[in-house]
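Enquirer: Residues per chain are reported as follows:
Number of protein chains: 2
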Amino acid sequence: MTDAETTVGELSEGQVLRGILSRLPASTAPVGPGDDAAVLAVPDGRVVATTDTLVHGPDFRLAWSSAVDLGYKSAAVNLADVAAMGARPIALLVALAMPESTPLSFVRGLADGLAEACADLAPGCAVEGGDLAVSDTLTIAVTALGSLDGREPVRRSGARAGDAVHIIGELGVAGRGLDVLFTRFVDAAGAPILVTPEARASLGAEDAEGLDRQLRPHPPIADALRAADAGATAMMDVSDGLALDAERLADASGVTIAFDAGALGDDLARALGGGEDHGFLVTYPAGTDGPGRRVGTVVARGEVAVTVDGRPWTGRTGWDPYRDWDAGRG
Amino acid sequence: MTDAETTVGELSEGQVLRGILSRLPASTAPVGPGDDAAVLAVPDGRVVATTDTLVHGPDFRLAWSSAVDLGYKSAAVNLADVAAMGARPIALLVALAMPESTPLSFVRGLADGLAEACADLAPGCAVEGGDLAVSDTLTIAVTALGSLDGREPVRRSGARAGDAVHIIGELGVAGRGLDVLFTRFVDAAGAPILVTPEARASLGAEDAEGLDRQLRPHPPIADALRAADAGATAMMDVSDGLALDAERLADASGVTIAFDAGALGDDLARALGGGEDHGFLVTYPAGTDGPGRRVGTVVARGEVAVTVDGRPWTGRTGWDPYRDWDAGRG
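Order-wise, the sequence lines are chains S and X. Note that the working numbering has the first sequence beginning at 1, numbered continuously upward. Note that the working numbering has the second sequence beginning at 1, numbered continuously upward.
Chain S with its partners taken away, still in its complex shape:
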């Protein structure tokens, strides 16, 4: 039997763990993996902490996402949440629950994806702890921790009337990729079919980019930290859809976000309703020279939390897992 065919159900927890640890970036923490808990240095005495889970079914299909993709995405979405507070990601904890039939090669792919995401998006961040469990449903729960390095945290509640509204990163690209999956990579009955390298190569440039970003989001972490340094009054990760996330920021700040449609690109519906780009929605005091492109203005709270060219947005606003999952898996 080759390693590729070995399943986690045939191994002890320690053996599975050894298959992972050697593939991860080297620990930089005072105490890394292997003890009851990790110890991490946060020199200014404050730690930023967030957790987000990917679940087989609502969050991914195994026909569409490789193990490396899933490791990458599970890290990226959490790194983005840390950076959205103005903090530098320093560590991930990964709780992995998987069926006994999961091949060890799949677990190694997940580890490779976690390592790639840390290297690409947050160099110096490492997986400093985790947990392995058996489950009927493949579940990847990641916690990310960050250091503010003396910055004040940038909250959702700090936007003030008159602030400029910027977007750092992409809008609607990952949403385009999701549409590609649900139109090009399903069979006649709507069941997901495998994303092969050949099928990917046959896609047009925009569809291929969308697919890549849907499977491996690239939050511009360094730009988010620069936004904090430039004086951002509020910031958040755009994960569920710009209209929905802007509403949350507007509600937390007690303001209205007034978008200029012309600044949101050619596909307004996808820019406002497509999720998972993991760019950043930022507000700055007027006149600030901060990262991102301007897409609107903060105004005094009106009847609605978000407007587009002065009118309420009546299109799709984003994704709610309790409302929107179609119960498919694959």
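No lab work stands behind these hints: they were computed from the structure. We put the beta carbon where it would ideally sit given N, CA and C, even for glycine. A couple of the hints might just be wrong.
Said to hold, decoys possible - Label-pair distances were calculated between CB atoms; the ranges are:
| # | chain 1 | residue 1 | chain 2 | residue 2 | range |
| --- | --- | --- | --- | --- | --- |
| 1 | X | GLY310 | S | GLY34 | 39 to 47 Å |
| 2 | X | ALA327 | S | ASP309 | 33 to 41 Å |
| 3 | S | ARG226 | X | ARG293 | 28 to 36 Å |
| 4 | S | ALA191 | X | GLU206 | 51 to 59 Å |
| 5 | S | ALA205 | X | PRO123 | 51 to 59 Å |
| 6 | X | PRO30 | S | GLY315 | 49 to 57 Å |
| 7 | S | ALA26 | X | ASP266 | 56 to 64 Å |
Said to hold, decoys possible - Pulled from the structure, derived: some chain S residues nowhere near chain X, Cβ distances all over 10 Å:
| # | residue |
| --- | --- |
| 8 | ARG61 |
| 9 | LEU62 |
| 10 | GLY109 |
| 11 | ARG156 |
| 12 | ALA189 |
| 13 | ALA208 |
| 14 | GLY265 |
| 15 | ALA286 |
| 16 | GLY310 |
Unchecked claim - To give an idea of the chain X side of the interface with chain S (calculated C-beta under 10 Å), a few residues:
| # | residue |
| --- | --- |
| 17 | VAL42 |
| 18 | GLY129 |
| 19 | THR137 |
| 20 | MET235 |
Please build the complex by placing chain X on the supplied structure of chain S, with the hints as guidance.
Expert: Just chain X, lined up with the frame of chain S:
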């Protein structure tokens, strides 16, 4: 329809969240729940972090554990890991993945259990963040964070020949409870049956205590911190079974743990092979007056990592989820 009958699938993520937040202890953090990430104060510039998951099937049966029990246990096992490093638990992050058919009343019970565990075991610790997801398998992934408050972390690797070996807390009590469940609360086919208040009341005192501790472990957190202050050279949470956990500590320290059978109580098999008590295994320099009762001595590394009255232990050592789950759920 009453609240008790409402399921999470009928609600938005925000509605489910509101059903939880009001039942949790008030946040004590600089930034608590509701933003992209929490911000926590760790005055000495180091944070202790650990994660552990409870999965329906391998880790619990819904016939045996109430929602409050599950919330309590998911907090307790993580609080114990933080305390085992010599750190004071300050925050939990809770990633909850659950079927759409889960009643809202169940989610509220989970929140009550989390709150009770914090109040009982680690006053001042609160749920400062989390994530809600839909899943076919109920999964509770908890991350616990702690502050060392100037202490040096107590690792597994610090035990030295000549140290005294102590146990803080119970041994084999939770294991007795597991045996009660698998013998008294199964039907003729071995399927779990409901633990009713009447059935609990009919148990003898020791069985009732075992059942209570199996469902709601009580790690003696404050004593673990006192052990660190007293000069513990090594410490760990006893979760998977004393023999297995002692082997891990011995291997990390390059020593052998020599237990005295007479100090381990009347039921040696359960003391060494029963898991989930979440007491602490501690080593102290000879002559230290630290918490716990003495159960053995650290000696130079011999042929085996653990001995009992000088001989290798050949009985059951503990629980490995990849080896030991019987695939039952219920």
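Enquirer: State for each hint whether it applies.
Expert: Hint by hint, here is what the structure shows:
1. X/GLY310 with S/GLY34: 39 to 47 Å: About 29 Å separates the Cβ atoms of X/GLY310 and S/GLY34, which means 39 to 47 Å is violated.
2. X/ALA327 with S/ASP309: 33 to 41 Å: violated, 57 Å
3. S/ARG226 with X/ARG293: 28 to 36 Å: Since the Cβ atoms of S/ARG226 and X/ARG293 sit about 56 Å apart, the hinted range of 28 to 36 Å is violated.
4. S/ALA191 with X/GLU206: 51 to 59 Å: Cβ of S/ALA191 to Cβ of X/GLU206: about 54 Å, so the range 51 to 59 Å holds.
5. S/ALA205 with X/PRO123: 51 to 59 Å: holds, 58 Å
6. X/PRO30 with S/GLY315: 49 to 57 Å: violated, 37 Å
7. S/ALA26 with X/ASP266: 56 to 64 Å: violated, 47 Å
8. ARG61: holds, 14 Å
9. LEU62: Holds, since 14 Å exceeds 10 Å.
10. GLY109: holds, 18 Å
11. ARG156: Nearest chain X Cβ is 5 Å from S/ARG156, so the label is violated.
12. ALA189: Non-interface label on S/ALA189 holds, nearest chain X Cβ at 20 Å vs cutoff 10 Å.
13. ALA208: Holds, since 29 Å exceeds 10 Å.
14. GLY265: Per Cβ check, S/GLY265 is outside 10 Å of chain X; nearest 24 Å; holds.
15. ALA286: holds, 24 Å
16. GLY310: S/GLY310 is indeed farther than 10 Å from all Cβ atoms of chain X, at 27 Å.
17. VAL42: holds, 6 Å
18. GLY129: With a closest approach of 6 Å, the X/GLY129 hint holds.
19. THR137: holds, 4 Å
20. MET235: holds, 8 Å
In summary, the structure is inconsistent with hints 1, 2, 3, 6, 7, 11 from the numbered list given earlier, while agreeing with the others.
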